[in-house]
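Student: Since chain A is already given, all that's left is putting chain B on it; use the hints.
Line by line, the protein sequences are chains A and B.
Under the working numbering, the first residue of the first sequence is numbered 571, with each subsequent residue one higher.
Under the working numbering, the first residue of the second sequence is numbered 571, with each subsequent residue one higher.
Bear in mind the hints are in silico, worked out from the structure with no lab data behind them.
Copies of the same chain look alike in the list, so a pair counts if it works inside one copy or between any two.
Cross-link-like lysine to aspartate or glutamate pairs, in silico, DMTMM-like; alpha carbons within 25 Å at most:
1. K575 x E639
2. K607 x E874
3. K660 x E580
4. K995 x D750
5. K817 x E638
6. K575 x E635
7. K737 x E1000
8. K995 x E735
9. K575 x E820
10. K1016 x D881
Just so we're clear, the structure is a prediction, and the values are computed from it rather than from any experiment.
2 protein chains.
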Amino acid sequence: MSTTKFILSENELPESWYNIAADLPEPPAPPLNPGTKQPIGPEDLAPLFPMALIGQEVSAERYIEIPEEVRDAYRLYRPSPLHRAHRLEKALDTPAHIYYKNESVSPAGSHKPNTAIAQAYYNKQEGVTRIATETGAGQWGSALAMACNFMGIELKVYMVRVSYEQKPYRRSMMQVWGADVVPSPSPDTQAGRQMLEQDPESPGSLGMAISEAVEDAATRDDTKYSLGSVLNHVLLHQTIIGQEAIKQMEQAGEEPDVVIGCAGGGSNYAGIAFPFMRRRLAEGAKTRFVAAEPEACPSLTRGEYRYDFGDTAGMTPLMKVHTLGHTFVPPGIHAGGLRYHAMAPLICQLYDDGLIEAKAYHQIACFDAAVQFARTEGIIPAPESSHAIRAAIGEALEAKEAGESRVVLFNLSGHGYFDMGSYDKYFAGELQDYAYPAEAVAEAMKAVPAL
Amino acid sequence: MSTTKFILSENELPESWYNIAADLPEPPAPPLNPGTKQPIGPEDLAPLFPMALIGQEVSAERYIEIPEEVRDAYRLYRPSPLHRAHRLEKALDTPAHIYYKNESVSPAGSHKPNTAIAQAYYNKQEGVTRIATETGAGQWGSALAMACNFMGIELKVYMVRVSYEQKPYRRSMMQVWGADVVPSPSPDTQAGRQMLEQDPESPGSLGMAISEAVEDAATRDDTKYSLGSVLNHVLLHQTIIGQEAIKQMEQAGEEPDVVIGCAGGGSNYAGIAFPFMRRRLAEGAKTRFVAAEPEACPSLTRGEYRYDFGDTAGMTPLMKVHTLGHTFVPPGIHAGGLRYHAMAPLICQLYDDGLIEAKAYHQIACFDAAVQFARTEGIIPAPESSHAIRAAIGEALEAKEAGESRVVLFNLSGHGYFDMGSYDKYFAGELQDYAYPAEAVAEAMKAVPAL
Chain A
571 MSTTKFILSE NELPESWYNI AADLPEPPAP PLNPGTKQPI GPEDLAPLFP
621 MALIGQEVSA ERYIEIPEEV RDAYRLYRPS PLHRAHRLEK ALDTPAHIYY
671 KNESVSPAGS HKPNTAIAQA YYNKQEGVTR IATETGAGQW GSALAMACNF
721 MGIELKVYMV RVSYEQKPYR RSMMQVWGAD VVPSPSPDTQ AGRQMLEQDP
771 ESPGSLGMAI SEAVEDAATR DDTKYSLGSV LNHVLLHQTI IGQEAIKQME
821 QAGEEPDVVI GCAGGGSNYA GIAFPFMRRR LAEGAKTRFV AAEPEACPSL
871 TRGEYRYDFG DTAGMTPLMK VHTLGHTFVP PGIHAGGLRY HAMAPLICQL
921 YDDGLIEAKA YHQIACFDAA VQFARTEGII PAPESSHAIR AAIGEALEAK
971 EAGESRVVLF NLSGHGYFDM GSYDKYFAGE LQDYAYPAEA VAEAMKAVPA
1021 L
Chain B
571 MSTTKFILSE NELPESWYNI AADLPEPPAP PLNPGTKQPI GPEDLAPLFP
621 MALIGQEVSA ERYIEIPEEV RDAYRLYRPS PLHRAHRLEK ALDTPAHIYY
671 KNESVSPAGS HKPNTAIAQA YYNKQEGVTR IATETGAGQW GSALAMACNF
721 MGIELKVYMV RVSYEQKPYR RSMMQVWGAD VVPSPSPDTQ AGRQMLEQDP
771 ESPGSLGMAI SEAVEDAATR DDTKYSLGSV LNHVLLHQTI IGQEAIKQME
821 QAGEEPDVVI GCAGGGSNYA GIAFPFMRRR LAEGAKTRFV AAEPEACPSL
871 TRGEYRYDFG DTAGMTPLMK VHTLGHTFVP PGIHAGGLRY HAMAPLICQL
921 YDDGLIEAKA YHQIACFDAA VQFARTEGII PAPESSHAIR AAIGEALEAK
971 EAGESRVVLF NLSGHGYFDM GSYDKYFAGE LQDYAYPAEA VAEAMKAVPA
1021 L
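Just chain A, with the same shape it has in the complex (with noise of 0.2 Å):
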């Protein structure tokens, strides 16, 4: 029998992040303050920010050390295992080799914990004592939350509504972790209470949650904000995931031909990906890539590049990425964390240079390719990644077609446990697709600031 799992040890854990804005083929796109439409410098970002984590946002250094705190924490769950997809292949019939990177393996059950201790620490460093962020369905902020409980730091966590209400198992488990969470529009901030006078019953939205994390972070002195996806020093906490990858790749004695992951902001499949790419753009590797998107929200396959905001409210500086519009709101999809309007500005450069492919998948799709995954491989994904388990499998159904070997490399970004009410809907016939909502993205995208 082969090997199912690739396993580093302790002492192979990779040492510093990889920072793809040394090697990307032009410099990226600055982003702009939004009244006067000029490149942004450190001072507009210090007051949300640490003064570390804004400098990884610009650095152009190739290596980045990660503090020996941060590895000491990454240690609880890291290196995770890289598996063979031998049962999955099986059932395909197909002669490519399928590979994973399991991510869920984390305590948080995802891949968002590698950035959430980093951001916490160097907060930490600079003796912030408070942090305040919003989440949607709550991946990211019970990530947060026990990054911020490993590091001493007060959380508060502004939760979407009708998430708070209708997931309340992330919130429990942000609770255990020590954090404040509030269901949001809530009464503690100036936006949330215009919002609720506006409309008592609101069910909150990820643009008015950041609203109000963005307002407690900037009027509180010992307060910071964070976000768990898009900017470029998350992606760049995630690439540890692609150099183990790399390490395990070799423990397997392959390379793979295509290296994929779902992509809402773009922080899981940054992380696999970027290291690989790096052979591409540096050593001329042939490597393919490929991000996974929702049809009901496909920002890289449909938006236009361009300079929009980050948010729905329009507070952040304007970043050039493929948008669908910020003030878009995509279909109730079970993969919340994909319903993005637009992509981390750096996944986008690199579509637009032809070096990623992305493709865009309805979710009924997905939920087969995840009921076949967890029929073979045991693990039940999360929504979000059974995304790029629908590419892979599509990748390998191709090679068989092509009577060809390929070897296919995707992210398992995280573990669907806190999401079986999706798989229940899914089992009764409950799911329905959405078709490309073309008419609200070209409303969406009339506001888009201009130039």
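Tutor: Leaving out everything else, chain B in the frame of chain A:
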């Protein structure tokens, strides 16, 4: 920084299970036919179990080879990591070294797949195409659902109705793995129909669900029955835990002074303890053994050691156990897996011989320990496992008090992702402790048959 996790490669996966019957000071007391009061033979069990498992139940071989197909499925999640709890030690400010074996990493989230996979395999080998089982909160049912799915065996799970309704996500999990799950009492069996006639709104009970599953298996030629704890062959399969832990403690360069686990039916504790017990029995090692049980259902610390039934309805053979009476209904503590009136006969014999100590804990103290563990080590434990954590913390604090070193090893039998509602109640101050229910036990003991 010293090592946090001790990892084995797949090559180091144990090749056999350890059968403690070979090393016991006296042979185990045989199970008795409740009618004749004579020791039962294989033919009594043949309608319910495949011959290979009946053979393991009475085997005196010290080591029993693990079939390659079982090891192959184990490789999906085994060898499981052994962690050094540096952060918990620091929080306790103790000179003790605390290690834990992490069985929460299986796809079903507990140690249960270790026997589920083996049982499904042996059933398949003997041509069984369908298995019936019962489950309470769903840990066992979900593990067996995954295993039967791997082996291509149909599974029918009778799930206690109140859990079916209140804990729907374990049911969803079983459905993802293709099992047919019905609330018990169900209209699908004679026993269920009778129960429903008496009380159409019956919440069900584990005893009732066992009766349904046993009837299902006994009345269908294609169907066998499967049990997730208590029996010798179940404990045997779990010894892979302790055998891995021995190798990992060697990596760590330490020998445990005390080996701890929670004990309901006894299988996870036997799993970690028996391989270390062999070294005490055969090699004179001085290791102590502590089983942690709930104050509300303390079969070892308070039960009488005598022959009793394994199930509420009195359908099983009589086994020599520490029992609170097979009709005893334990108070509704959240550690559902520890609500069992008796304990595995092998554990009971070792307890009676003074080789295992037992300690009983109230649930609030266990949740205190669980939260301290989650906030230091990251992992949110199952309420059952929190009893082991409570005992481990107790040992570490004793060592601190005495100013002496002590090496503590415990089994983290599972995670608490499906138990977040219990944590909510803990934080809301809605959990209660139950005094030892002396009167109910005295009443139940009257129903224990005389020999």
